[in-house]
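Participant: The primary structure of each chain is shown beneath.
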Amino acid sequence: MSALFKARKVLAVCLHGSRSLSQLAELPETHQLLRQTCRDFADRELAPIAAMLDKEHVYPAKQIKELGTMGVMAMEVPEELGGAGMDYLAYSLAMEEISRGCASTGVVVSVNNSLYIGPILKFGTEEQKKQWISPFTAGDKVGCFALSEPGNGSDAGAASTTAYQEGEEWVLNGTKAWITNSWDASATVVFATTDKKLKHKGISAFLIPMPYPGLSLGKKEDKLGIRASSTANIILEDCRIPLNNMLGPRGAGFKIAMQTLDSGRIGIAAQALGIAQASLDCAADYAHKRTAFGAPIGKLQAIQFKLADMAVAIESARLLTWKASLLRDAKKAFTKEAAMAKLAASEAATFCSHQVRKRQTEDWSRTEALVGRCKTLFCFCVVTQAIQILGGMGYVTDMPAERHYRDARITEIYEGTSEIQRLVIAGQILKEYQS
Amino acid sequence: MSGRVLVGVKRVIDYAVKIRVKPDNTGVVTDGVKHSMNPFCEIAVEEAVKLKEKKLVKEVVAVSCGPQQSQETIRTALAMGADRGIHVEVSGNDYETLGPLQVSKIMAALAKKEDAQIIILGKQAIDDDCNQTGQMTAALLDWPQGTFASEVTLDGDKIKVVREIDGGLETIKINTPAVLTADLRLNTPRYATLPNIMKAKKKKIANVKPADLGVNLTSKLEVLRVEDPPQRQAGMKVETVEDLVGKLKELGKV
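Chains as they are written, first to last, in the UniProt record's numbering: chain A, 1 to 435; chain B, 1 to 254.
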């Protein structure tokens with residue numbers, strides 16, 4: 001009985017919390033204009049070079065600078081500090097559109113906004129904000145976030161990087177792993193333990209400029225996807241930084257990291273949405289153009305079911321992402337919704353890109369010839385291929401589809417694996433239902 | 001000198017959309033189709049905003065003639081840096097028959113009302129490809145015109161315009177007030193910055209009816225039919241020049 005009453009109360013709180021529910025149905029005009037601007041930028045500046053960036057592992061410096069000029073690299077930062085002064089809903093929209101053009105560019109934007117600037121904006125002193133945020137708003141400098149280590153990713157509380165005080169300095173030692181933007185960054189937020197006995201309550205956050213004596217980078221990882229963004233170890237060997245470089249109070253590092261990741265999840269959810277949407281766009285386009293047995297394959301129910309499943313997955317994840325953003329903007333609790341959004345969006349991205357291997361129109365004639373030859377003997381096989389909206393074409397590196405598939409995969413891993421998201425969501429639900 | 005620039009911005013079907021003719025051949029399908037600002041109008045707005053940034057003009061006013069949705073186009077211009085907008089409401093049948101003559105009458109009336117010093121338009125719209133509004137507006141106002149501009153330099157009360165013409169480039173000097181039309185290479189339009197998108201929300205868009213400006217919208221043109229261009233036919237290969245000439249004669253081409 002009392003559990004039911006509690007549940008009703010929780011529901012009322014949730015509904016009241018997302019007071020801008022109407023915004024889920026139709027975005028405000030500024031947000032629509034923002035979304036369109038980012039989409040135009042992604043279509044014109046990112047999509048045409050995405051394949052090259054991926055193939056040659058090139059950091060999109062020019063595009064990041066342009067995004068900086070637009071205000072996209074520091075969306076939540078107040079205008080006085082050089083940012084765009086916008087809300088998280090705007091950020092999710094921008095992230096989705098950018099990632100739809102190029103997922104690697106998306107992650108560079110996301111890490112700078114949510115993981116680097118995010119904690120400094122929330123926990124930094126005014127001085128720290130001026131020093132560590134303002135130069136990172138225009139796109140010529142980006143930051144990174146060093147939490148994971150070779151020995152612990154999901155188990156962030158077991159940090160083994162140490163920091164001890166010596167005179168007027170902190171001395172840091174240890175290795176951080178999988179750090180996005182590392183090779184292109186000019187600063188990093190680093191988490192190190194100042195009191196190992198206190199376990200996760202002994203972790204503190206620090207700010208280190210890059211390059212810096214005592215800080216070196218490991219080799220650039222050769223990744224499956226998001227290859228235009230650099231990922232490497234950050235190695236700290238007697239790295240001495242001023243006492244002022246501690247971010248937030250001593251021992252607050254774990255809390256800072258977790259809260260930062262809560263918001264970061266919304267950015268990554270939006271990135272995954274962009275990848276998923278790009279997959280759906282070309283699947284639907286292909287369904288119109290590609291004919292089999294005298295009609296466009298879009299007329300086939302099996303294709304229609306796939307398109308419907310993809311669209312539902314994307315739209316549900318999108319609404320979850322928007323809701324998490326709206327809750328955060330309204331300063332309500334959003335941990336559960338952010339985890340749900342990230343889980344739903346990353347799984348939607350993997351699902352959609354798996355269903356789709358994109359087709360480039362220039363190779364129609366080759367495909368037609370292949371189909372023609374195979375038709376009589378392997379017609380069922382071809383139809384099945386078409387039905388899965390896959391195709392041999394989508395398997396080769398000159399087609400973008402395989403890039404979407406590779407880019408999507410990481411979204412279920414970084415900033416909290418899907419398994420961790422489930423733990424976070426379950427934890428929140430159990431807390432809500434506690435009698 | 002008012003230092004005021006009027007910029008015309010037209011809402012057209014987006015350049016990337018594949019145009020489809022309506023089944024009844026009365027026009028093209030516009031319902032549910034993505035629309036955006038005419039690319040040459042974007043260049044015109046960019047030029048006007050640049051002039052303002054160089055402090056050569058004081059105010060940029062974006063004007064659009066059309067239905068309710070034209071306001072979105074004006075907002076985009078505001079986000080790019082225009083100071084305020086004027087939406088001339090034209091809808092229904094009037095909108096169907098709205099052409100360069102009607103728009104140029106409106107622009108001329110507004111230029112007088114707003115005491116404009118310069119009017120900048122795109123050289124043509126990508127839907128009708130008329131390339132007439134700038135020229136007609138100048139004629140109605142009896143103002144000089146610098147069309148197909150690839151470079152514009154303000155010099156006191158004169159404007160130096162480099163024009164793209166068939167033979168190459170022509171440089172002219174015209175007095176203000178004047179009408180300019182923007183060609184492709186005039187500039188590269190900026191992406192609206194997020195702070196400017198936010199500021200655009202607060203900028204004013206005035207609503208005006210053509211009748212308020214004393215403009216009669218009746219058109220003397222009637223669209224009879226709209227058709228797809230003919231499907232491209234396969235060519236044929238010939239072995240020698242003699243064969244080529246022979247074939248051309250056969251087809252009655254020479």
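Misleading hints may appear alongside valid ones.
What the hints assert, rightly or not - Using 25 Å as the maximum straight-line C-alpha spacing, the simulated SDA-like pairs for lysine to any residue come out as follows:
| no. | chain 1 | residue 1 | chain 2 | residue 2 |
| --- | --- | --- | --- | --- |
| 1 | B | K202 | A | A25 |
| 2 | B | K201 | B | T188 |
| 3 | B | K34 | A | I49 |
| 4 | B | K199 | A | R35 |
| 5 | B | K220 | B | E53 |
| 6 | B | K199 | A | E80 |
| 7 | B | K201 | A | Q32 |
| 8 | B | K18 | A | Q259 |
| 9 | A | K129 | B | K58 |
| 10 | B | K18 | B | L224 |
| 11 | A | K122 | A | P242 |
| 12 | B | K202 | A | T30 |
| 13 | B | K202 | A | R44 |
| 14 | B | K34 | A | P296 |
| 15 | B | K50 | A | R44 |
| 16 | B | K201 | A | A284 |
| 17 | B | K203 | B | V28 |
| 18 | A | K62 | A | D40 |
| 19 | A | K431 | A | Q259 |
| 20 | B | K58 | B | G167 |
| 21 | B | K199 | A | T30 |
| 22 | B | K199 | A | E29 |
| 23 | A | K299 | B | Q68 |
| 24 | A | K130 | B | K201 |
| 25 | A | K122 | A | A138 |
| 26 | A | K332 | A | E432 |
| 27 | A | K197 | A | G218 |
Hint data in this document are derived by calculation from the structure and do not stem from the laboratory.
Participant: Provide an ascending list of the numbers of those earlier hints which the structure does not satisfy.
Facilitator: 5, 8, 9, 13, 16, 17, 20, 23, 24, 27
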